[in-house]
Amino acid sequence: MAAVIALAVAGLLVLAMSGMFMGMAKSFTATVDKSPAHVMILPPQAEGLFGNNSGQPRRLIPTIYQHPDVLEVQPLNGSWAFWSNFPKDGQPAKGDGVQVVVVDPVKGAVTLPTDFSDEVIAALQQPFTVVVDRSSLNKLGVKVGDKAKMNGRTVTVGAVVDGYPSMFNSQVFVSYQTGKLIYVVDEGQRVGPLVVKIKDPSKAKQVADELNAMSHGQYKAWTRDQLSKSSQKSMLKEGGISMMIGFAVLVGIFIGIVITWQTLQGAIMANIKEFASLRALGVSMGALRLIIMELSFWVGVAGLTMTVFLTSLVAFAAHSAAVPMDFPLFIVIPVTIGLMLIAILSGLFSLGVLKKSQPADLLR
Amino acid sequence: MSQTHNGKMALSATGLGKSYKIGKVKQAVLKGVDFSAYHGQVTMVMGPSGSGKSTLIAALSGLMKPDEGEVIALGENLWKKKRGKIDKFRLDHCGFIFQGFNLFPALNATQQVEQVLKYQKVSHSEAHRRAVEVLEAVSLGHRLKQKPSELSGGEKQRVAIARALSKMPSLIFADEPTSALDSVSGQVVIKLLHQAAKERGAAVVVVTHDPRLEAYADRVIHMEDGKILSDNMVSEPPVLA
Ligand SMILES: Nc1ncnc2c1ncn2[C@@H]1O[C@H](COP(=O)(O)OP(=O)(O)OP(=O)(O)O)[C@@H](O)[C@H]1O
Ligand SMILES: [Mg+2]
Numbered sequence: 001m002a003a004v005i006a007l008a009v010a011g012l013l014v015l016a017m018s019g020m021f022m023g024m025a026k027s028f029t030a031t032v033d034k035s036p037a038h039v040m041i042l043p044p045q046a047e048g049l050f051g052n053n054s055g056q057p058r059r060l061i062p063t064i065y066q067h068p069d070v071l072e073v074q075p076l077n078g079s080w081a082f083w084s085n086f087p088k089d090g091q092p093a094k095g096d097g098v099q100v101v102v103v104d105p106v107k108g109a110v111t112l113p114t115d116f117s118d119e120v121i122a123a124l125q126q127p128f129t130v131v132v133d134r135s136s137l138n139k140l141g142v143k144v145g146d147k148a149k150m151n152g153r154t155v156t157v158g159a160v161v162d163g164y165p166s167m168f169n170s171q172v173f174v175s176y177q178t179g180k181l182i183y184v185v186d187e188g189q190r191v192g193p194l195v196v197k198i199k200d201p202s203k204a205k206q207v208a209d210e211l212n213a214m215s216h217g218q219y220k221a222w223t224r225d226q227l228s229k230s231s232q233k234s235m236l237k238e239g240g241i242s243m244m245i246g247f248a249v250l251v252g253i254f255i256g257i258v259i260t261w262q263t264l265q266g267a268i269m270a271n272i273k274e275f276a277s278l279r280a281l282g283v284s285m286g287a288l289r290l291i292i293m294e295l296s297f298w299v300g301v302a303g304l305t306m307t308v309f310l311t312s313l314v315a316f317a318a319h320s321a322a323v324p325m326d327f328p329l330f331i332v333i334p335v336t337i338g339l340m341l342i343a344i345l346s347g348l349f350s351l352g353v354l355k356k357s358q359p360a361d362l363l364r
Numbered sequence: 001m002s003q004t005h006n007g008k009m010a011l012s013a014t015g016l017g018k019s020y021k022i023g024k025v026k027q028a029v030l031k032g033v034d035f036s037a038y039h040g041q042v043t044m045v046m047g048p049s050g051s052g053k054s055t056l057i058a059a060l061s062g063l064m065k066p067d068e069g070e071v072i073a074l075g076e077n078l079w080k081k082k083r084g085k086i087d088k089f090r091l092d093h094c095g096f097i098f099q100g101f102n103l104f105p106a107l108n109a110t111q112q113v114e115q116v117l118k119y120q121k122v123s124h125s126e127a128h129r130r131a132v133e134v135l136e137a138v139s140l141g142h143r144l145k146q147k148p149s150e151l152s153g154g155e156k157q158r159v160a161i162a163r164a165l166s167k168m169p170s171l172i173f174a175d176e177p178t179s180a181l182d183s184v185s186g187q188v189v190i191k192l193l194h195q196a197a198k199e200r201g202a203a204v205v206v207v208t209h210d211p212r213l214e215a216y217a218d219r220v221i222h223m224e225d226g227k228i229l230s231d232n233m234v235s236e237p238p239v240l241a
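Protein sequences appear in the order of chains A and B.
Residue numbers for the first sequence follow full-length UniProt numbering, so the first one is 1 and each next one is one higher.
Residue numbers for the second sequence follow full-length UniProt numbering, so the first one is 1 and each next one is one higher.
Hints should not be assumed to be uniformly reliable.
[What the hints assert, rightly or not] Lysine-lysine pairs mimicking PhoX-like chemistry, simulated, CA-CA at most 20 Å apart:
| # | chain 1 | residue 1 | chain 2 | residue 2 |
| --- | --- | --- | --- | --- |
| 1 | B | K147 | A | K355 |
| 2 | B | K147 | A | K356 |
| 3 | B | K147 | A | K273 |
| 4 | B | K82 | A | K355 |
| 5 | B | K88 | A | K355 |
[Stated by the list, open to error] Far from chain B, by Cβ distances over 10 Å, these chain A residues were calculated:
| # | residue |
| --- | --- |
| 6 | P87 |
| 7 | V106 |
| 8 | D115 |
| 9 | G246 |
| 10 | S277 |
| 11 | M293 |
| 12 | S320 |
Keep in mind the hints are simulated off the structure, nothing from the lab.
If you're wondering where the values come from, they're calculated on a predicted model, not measured in any experiment.
The beta carbon of each residue, even a glycine, is placed where N, CA and C say it ideally should be.
Bound conformation, chain A alone:
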């Protein structure tokens, strides 16, 4: 039983950690994934939507329009702003930098995320009204309907959206109009990433390739999927995140093997006389080994079941706390195999103590 728990904890550790990071990685690209744009234009050396502070020249926009399939090109506006709340009795004052994302509050606009509801769009249409992610409410010290200050101007939180949590700065959505009022819209010669709508969405890949062919190295066109994957990758590459996942995996495997092995061994030692009596009655060593391996297999199965149970509890808790979690198969499958392997390996390691089952020792 203790071995089952050890195994489950190891599995949980690995799954929860990586699940959380995958969730963050995914939320990181939520803006990309939920954009109605089919093709996105970034500076040539960029690997993701973020971290290209220098931007690209505004004069690119007309060159994109030259492609016959392009319907609409818009720059993604957004910049950093300073946020502070109006603390109510006893509430702590919060001051924080936020990432402002400027959208067009018109249904079907190329900058408007596809999952914004009519209510959210209506809220955004009000001047000085902003929309934040539900998970950011606490961090920003506000509720829906509350007022707050952004870059010194008073704004109202008009609505919340789900699924745009952020690891670093909270995201705040504003309309173009509001964005101008709080000084976050830059109308200079440099613009952020360009989002492009094309006539036939199924030709996104082809259009992106054609745009790249005519770019002369001035920009790089991505389809939405390509960019999303690449952003996740570039995020995992930096910031020690992959190191932390790796660390969690190592710790998980270590805990798993050592504890499972030790407890299995302890269980065998506790029954060593019983095993010896079976030996005396003529049960061969091989048959006893088989019993142990069978036992560790079932420990593995039980540990897995428990991991699933514990992880879904954690995922549920995370969901209610609006912490993003994601369990892609490419993590779940290796963890499953890994846990079974740990159980089997622990069983193999434990076989050694069976040698201590000397039936002659029972005769005293």
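Starting from the known structure of chain A, fit chain B with the ligands onto it as the hints suggest.
Below, chain B with the ligands alone, put in the same frame as chain A:
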């Protein structure tokens, strides 16, 4: 084994010697012991602590190789066999009862018995039938589903006996089977062993300190300091084969 085998030689050992090294000192525990046991008889081995009784049993039953001498068990030269074959011999022919009961805490009485039968390639339904039968024979018919923690010492020892008897062994070895039990439970246990000898024709070798058990012995052997001091045939002398 049937009644007709009674009185035939089951086990014969000659010149058994065994010594243990403790540090540099070599201590002889068995000093040229000759021993025999017959089908249908309870042979009791008595003697002071440290006289080598358990060591003798271990050598006779194939649990521990003696330094010298040979053991002919059921007509086969035991220590000439390979280890796997000795295991097989014990599986087929030997039953053991130890002072400790050595039952798996997680298994109930029936499962304890079935577990061993499984390795004798007895089918599951047959193993179950035999387990219940033999547990009933040791008057544990009402304790079939109990685990060791729910059984008294005497009941546990009877489960251990049932486990040994269910294999239908022709050689039964018991080392101090009653010393952890009160005298009533002890009587029950020795009666069961006696019964196994008489009804099944098994050769039963019992090591004990308890003089009250002598009443059930057909033969009493006294050991001291690695040698056999006396060998008394209590009941009718066996007809030598
Ligand atoms: N594994 C061992 N290593 C070293 N010495 C041993 C070992 N086993 C037994 N001995 C020694 O051999 C001697 C005989 O042991 P054995 O167990 O045969 O005695 P016994 O007659 O069964 O005694 P008791 O009545 O106390 O059970 C003892 O002196 C003991 O110290
Ligand atoms: Mg002894």
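Hint-by-hint comparison with the structure:
1. K147/B x K355/A: violated, 26 Å
2. K147/B x K356/A: Cα-Cα ~25 Å, so violated.
3. K147/B x K273/A: holds, 17 Å
4. K82/B x K355/A: holds, 18 Å
5. K88/B x K355/A: holds, 18 Å
6. P87: Label holds. Min Cβ-Cβ 60 Å, cutoff 10 Å.
7. V106: Per Cβ check, V106/A is outside 10 Å of chain B; nearest 69 Å; holds.
8. D115: holds, 53 Å
9. G246: Non-interface label stands for G246/A: nearest chain B Cβ at 39 Å, farther than 10 Å.
10. S277: violated, 4 Å
11. M293: Its Cβ never comes within 10 Å of chain B, the nearest being 16 Å, so this holds.
12. S320: holds, 39 Å
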